[in-house]
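J.: Use the sequences and the hints to build the structure in full.
Take a look at the letters that make up each chain.
Protein chains: 4
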Amino acid sequence: MEYKRLGKSGLQLSILSFGSWLTFGKQVGDTTADDLMTVAYDNGVNFFDNAEIYSRGQSEIVMGEILKKKNWRRDSYVVSSKVFFGLGGDNLRPTQKGLSRKHVVEACEQSLQRMQLDYLDLFFCHRPDKQTPVEETVWTMHNLIQQGKILYWGTSEWSAPEIMEAHTVARQYSLIGPTMEQPQYNMLERIKVEEEYHHLYTVLGLGTTVWSPLASGVLSGKYNEGFVKETRLGIEGLEWLKDRTLAQANLERARKLTAFSKELGVSMPVLAIAWCLKNEHVSSVIMGASKTSQLQENFKALDAREKLTPEVMNKIELILQNKPKRSDF
Amino acid sequence: MEYKRLGKSGLQLSILSFGSWLTFGKQVGDTTADDLMTVAYDNGVNFFDNAEIYSRGQSEIVMGEILKKKNWRRDSYVVSSKVFFGLGGDNLRPTQKGLSRKHVVEACEQSLQRMQLDYLDLFFCHRPDKQTPVEETVWTMHNLIQQGKILYWGTSEWSAPEIMEAHTVARQYSLIGPTMEQPQYNMLERIKVEEEYHHLYTVLGLGTTVWSPLASGVLSGKYNEGFVKETRLGIEGLEWLKDRTLAQANLERARKLTAFSKELGVSMPVLAIAWCLKNEHVSSVIMGASKTSQLQENFKALDAREKLTPEVMNKIELILQNKPKRSDF
Amino acid sequence: MEYKRLGKSGLQLSILSFGSWLTFGKQVGDTTADDLMTVAYDNGVNFFDNAEIYSRGQSEIVMGEILKKKNWRRDSYVVSSKVFFGLGGDNLRPTQKGLSRKHVVEACEQSLQRMQLDYLDLFFCHRPDKQTPVEETVWTMHNLIQQGKILYWGTSEWSAPEIMEAHTVARQYSLIGPTMEQPQYNMLERIKVEEEYHHLYTVLGLGTTVWSPLASGVLSGKYNEGFVKETRLGIEGLEWLKDRTLAQANLERARKLTAFSKELGVSMPVLAIAWCLKNEHVSSVIMGASKTSQLQENFKALDAREKLTPEVMNKIELILQNKPKRSDF
Amino acid sequence: MEYKRLGKSGLQLSILSFGSWLTFGKQVGDTTADDLMTVAYDNGVNFFDNAEIYSRGQSEIVMGEILKKKNWRRDSYVVSSKVFFGLGGDNLRPTQKGLSRKHVVEACEQSLQRMQLDYLDLFFCHRPDKQTPVEETVWTMHNLIQQGKILYWGTSEWSAPEIMEAHTVARQYSLIGPTMEQPQYNMLERIKVEEEYHHLYTVLGLGTTVWSPLASGVLSGKYNEGFVKETRLGIEGLEWLKDRTLAQANLERARKLTAFSKELGVSMPVLAIAWCLKNEHVSSVIMGASKTSQLQENFKALDAREKLTPEVMNKIELILQNKPKRSDF
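So the protein sequences, as listed, match chains Y, X, W and P. Position 74, counted from 1, in the first sequence is what the working numbering calls 120; the numbers after and before it change by one each time, with no gaps. Position 91, counted from 1, in the second sequence is what the working numbering calls 137; the numbers after and before it change by one each time, with no gaps. Position 208, counted from 1, in the third sequence is what the working numbering calls 254; the numbers after and before it change by one each time, with no gaps. Position 241, counted from 1, in the fourth sequence is what the working numbering calls 287; the numbers after and before it change by one each time, with no gaps.
Bear in mind the hints are in silico, worked out from the structure with no lab data behind them. Treat the numbers as computed from the prediction; the structure is a model and nothing was measured. Warning: the hint list may mix true and false statements.
Same chains, same names: a pair is fine if it fits in one copy or spans any two.
Said to hold, decoys possible - When the alpha-carbon atoms are kept at most 30 Å apart in a straight line, the in silico DSSO-like pairs for lysine-lysine are as follows:
no., residue 1, residue 2
1, Lys195, Lys176
2, Lys195, Lys324
3, Lys308, Lys361
4, Lys72, Lys337
5, Lys275, Lys176
6, Lys176, Lys324
7, Lys50, Lys176
8, Lys288, Lys302
9, Lys195, Lys54
10, Lys114, Lys195
11, Lys268, Lys324
12, Lys54, Lys238
13, Lys195, Lys115
14, Lys238, Lys324
15, Lys54, Lys176
16, Lys361, Lys116
17, Lys195, Lys116
18, Lys50, Lys337
19, Lys346, Lys275
20, Lys176, Lys238
T.: Put into structure tokens, the structure is as follows:
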């Protein structure tokens, strides 16, 4: 495994990491969850990603139990959680979500309890909250760091100006600003990481922990023959993701890439992950496997990088035809 | 129920909330208190207002017991307390009241103990304290936020320049300033909310949790035929409120409004509360019922708002004849 | 009893307060100590002064036991301690005294343990420490306030420029500066309070808790006929105080004042204390009685103030002949 | 023993102190460790130096046990630890070392546990970490001070510009900067202390706790006849130190100095230590004996200083021929 600094911070994450979104407490049983974490850890993964909303808290409970049972040294890994959606559902009271000081403080406390941890390493604002002034959120995150309940804070799916504003506020009040952003990033979803955040890498030293390297499975090739119901994109509540991801142009790209991956002698998922790793602005690629065999396969992306020569990368661009204008990738 | 941000903050309060002033630990028994809180919570109220001085601490004890027994999720509601008067009475030593760091810190700790809570959501300076520099109070409130003992702090019955001064000090030292003010507000008492604080809504994003929407019962119509002894305004110690509220002009207004409310097809209390809700600068209207039937009635104000068309509002102004000069209401 | 703000702070102290210097754990037994504190408290005294060095920690232990036993409301009184001398003696290691962060933090913790308290209301730097930069001490005191271990901090026997420097540093780093100074002050020792600190009252709002209103007994008249061995000034280690206080000029003044007090119809100690109370820049006068009868007598100073008319004050000046040039007293 | 302020700070260290590097938990048994600490403490040593990496945590465990058993007053001594290397070894994950907030916070907690202490007096960044922005480390150290887990922080083997940068950051955000640096310093290794840090003593008031006054034994004379395997420089992992220290020029100097020490009537180690003490910018010289007899001998350096007259010092310079250009020593 290789490790890389999370942006300009001193925290080094494995470039391949493991997230429990859509799997723990839902798609996979607790034994499989344990197996997946073990395979990940044994392969050098040191970042386990989570969020309050993942399986409505259940994902944190499962991960916490595994961490407790495994008894790995606490300083050998990094755990995250995210605040914004609360535990989801239609009955949420308005104080049970968003980025108000109340919800951020309470969500942090609750995540710590569910995970049975004393502190979170990373704490993300899962979405921007137009209903809360950035000052309030930045102050609260800073305060949680001061209290030792979190070590670093970041954002997820914020726009570049929103991240910039958080830093402006932090600068103004001498507070600790966000260290990282967790955007979606894969061959089909490139604008944010390659274009929009471009300036932030230089100016802020922003780190990125990217999610969905396989574009929700489209880049695994499993939708090549059309939509399959019993898959992630069939999960209720993920329609927003499904529609965008399964656009015809994307399915077309997936089919061509699958053919190309065979030429290259790697599996389609490995190609997709390796391609993400090639971007120097990506700190860590979060994998979300539901079987240990998948996960084992994914690790081959580390070696597959060497096959991604400039020529190969160019060929991929020719297939994708979606390179952002200002991409320096 | 509708919810609204407390000023520019990210905290959303139910626009109708419930206060225990003059009732808990005094006018109503503990069972009734429980019933009232339950009706309120079940109707979507998420803000329960309290203060150290209410029934000299007893009100907090009663509310704390109910919250403990009900076991509602802590993140689903907002509890306040207020500091300034201490537990009241003539034997108070000077350190047992006011806004000195000593009293603010000790009052907070004592409220938490009486309510059996780990933190207060809102903590108000119940009155301005000319005997304490604003720096001392702002620093102390900021410090309580840092320590996680309170989430937001505010003022009650402060003048606009006093609130402004608190923000000036907060700005100077990079501290967290007051989020909200709790003024009296109703058809008979309009100057502060409509005129005096006008500038503060824009400049500071001030939120308001207003008390006494029924003008201590005058707007319920119960004094229409003259003063009734066995009512709130007959409570010893409330003479200051009684004299001002029961002025002839006000009783006259109440009588006319009662007649008008019948025309409109709503009860007088419902009209009075709905009228407060129409003011966009009001974050939440605190109701203080002593019977569940009253409280149930009050909730009709939510629907009654639609009857308050511009024409109806104008008619009300013609009855009131007390519109502040600069009111943008 | 009357109460007065400690300088510009919001903390109100009884204008007569009680200190345990030279008595608790030394001159008086624990029962007498209890009696003295009780008489003081019952007469409205709300400030009990102490220091780590008083009887080498024993004074704090005795006072702590009494406070625990009495069970007075914690918010009804103010307790102080002071840091600088450590527990005294010749065997002190250099880290066990002074105003380094190490000693200030450790001394605070130790005082809290000896007194069985959760926090000190006032914490004094008992002397200036030329061996520690003011930054270090101000930061540490501020930090103790943030941690809730002390409420206000101050100085004792610092020069005006030293106090000013502490405030300059506090201003520079946005920290909480010293609230009060504890200087010696009485008819024979006037320069500091009346002249040196003059500017600080206006500019900083400095409060003062003054010690030794009877000039170590000289103003009780007991040395009028010469030095008496079995008295405070005969205590080993107090030679510095003895020599200065028992100067011939002072004994002469004491004799004349005693005669004058008889004319006025008050005892000499009462006159001396009442005279201190007349100075508006004195926040509280610390009495240090070793008998309850003395203490009871001292309280007469409150009433005796009215006898100190401008004419009487002038006559006293004629006797003293030591009025500082710039005194506004 | 003499004591000296640690730079401009208010903390006074014994000018001779004791470090457990290479001895505790390794070269010497626990009984000897106890004896060494006891001899040191009884001779007035008040600073015991340690680090997470020393014997991979074992050195802290041994020292902690001794401190617990001895029950010396906690305020009578100063304990340090250092963070950077983690517990060493090849299996370290990247989060288990360096100066990221994660490692600094976790290392501090772990050192406290191994030593069974509530706080460290001194906490050093054992090396600069190019992989972590100085902001992150300074913020973290400041935060640990605020939380009461450490009292002072410093650096070890940082360059002058690196130390300066830490202070610049501290100034920018109003944080507490590093108080001291722990460099190697002895007759053979002079550049850093005498030349490089020169400006920092004046501008920052930097204190120094210097290690290896005997140049890893070369200045004890034991390598005069050539390298001896069963000695410190023979320890695996210390090759970096061995090669530099055992350079021919150094062995030559050692032989000449040994001869000169005999003329002077002191042992070679005593001469070497006394020479370090003569430098006014040295706050404390850390001795690292493995036998009580050595340690006892070392203390003679205190008296030996008087033999180091200007003439003698000049003769030593003639032997050393390594005086830095700008040394003011």
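J.: Pop the pair Lys54 and Lys238 into one bin, within, between, both or neither, using alpha-carbon distances up to 30 Å.
T.: Answer is both: 19 Å inside a copy and 29 Å across each meet the 30 Å cutoff.
J.: State whether the alpha carbon distance between Lys288 and Lys302 is at most 30 Å within one copy, between copies, both, or neither.
T.: Intra 20 Å, inter 60 Å, cutoff 30 Å: intra-copy only.
J.: Are the CA atoms of Lys176 and Lys324 at most 30 Å apart within a copy, between copies, both, or neither?
T.: Between copies, since 23 Å is at most 30 Å while 34 Å is not.
J.: When no copy is specified for Lys195 and Lys324, does a C-alpha distance of 30 Å or less occur within a copy, between copies, both, or neither?
T.: neither (33 Å within a copy, 41 Å between copies)
J.: Is it within, between, both or neither when you check Lys275 against Lys176 at 30 Å Cα-Cα?
T.: neither (34 Å within a copy, 50 Å between copies)
J.: Evaluate Lys114 and Lys195 at a C-alpha cut-off of 30 Å and name the case that applies: within, between, both or neither.
T.: Classified as both: same-chain Cα gap 18 Å, cross-chain 26 Å, threshold 30 Å.
J.: Is the C-alpha distance from Lys238 to Lys324 at most 30 Å within one copy, between copies, in both cases, or in neither?
T.: within (16 Å within a copy, 42 Å between copies)
J.: Is it within, between, both or neither when you check Lys50 against Lys176 at 30 Å Cα-Cα?
T.: between (32 Å within a copy, 13 Å between copies)
J.: With 30 Å as the alpha-carbon cut-off, assign the pair Lys195 and Lys54 to within, between, both or neither.
T.: Result: close both inside a copy and across copies, 22 Å intra and 26 Å inter.
J.: Can you tell me if Lys72 and Lys337 fall within 30 Å by alpha carbon in one copy, between copies, both or neither?
T.: Answer is within: at 13 Å inside a copy they meet the 30 Å cutoff, but 46 Å across does not.
J.: Is the C-alpha distance from Lys361 to Lys116 at most 30 Å within one copy, between copies, in both cases, or in neither?
T.: Answer is neither: 44 Å inside a copy and 64 Å across each miss the 30 Å cutoff.
J.: Within a copy, between copies, both or neither: where do Lys176 and Lys238 come within 30 Å Cα-Cα?
T.: both (19 Å within a copy, 29 Å between copies)
When each numbered hint is compared with the structure, violations occur for hints 2, 5, 16.
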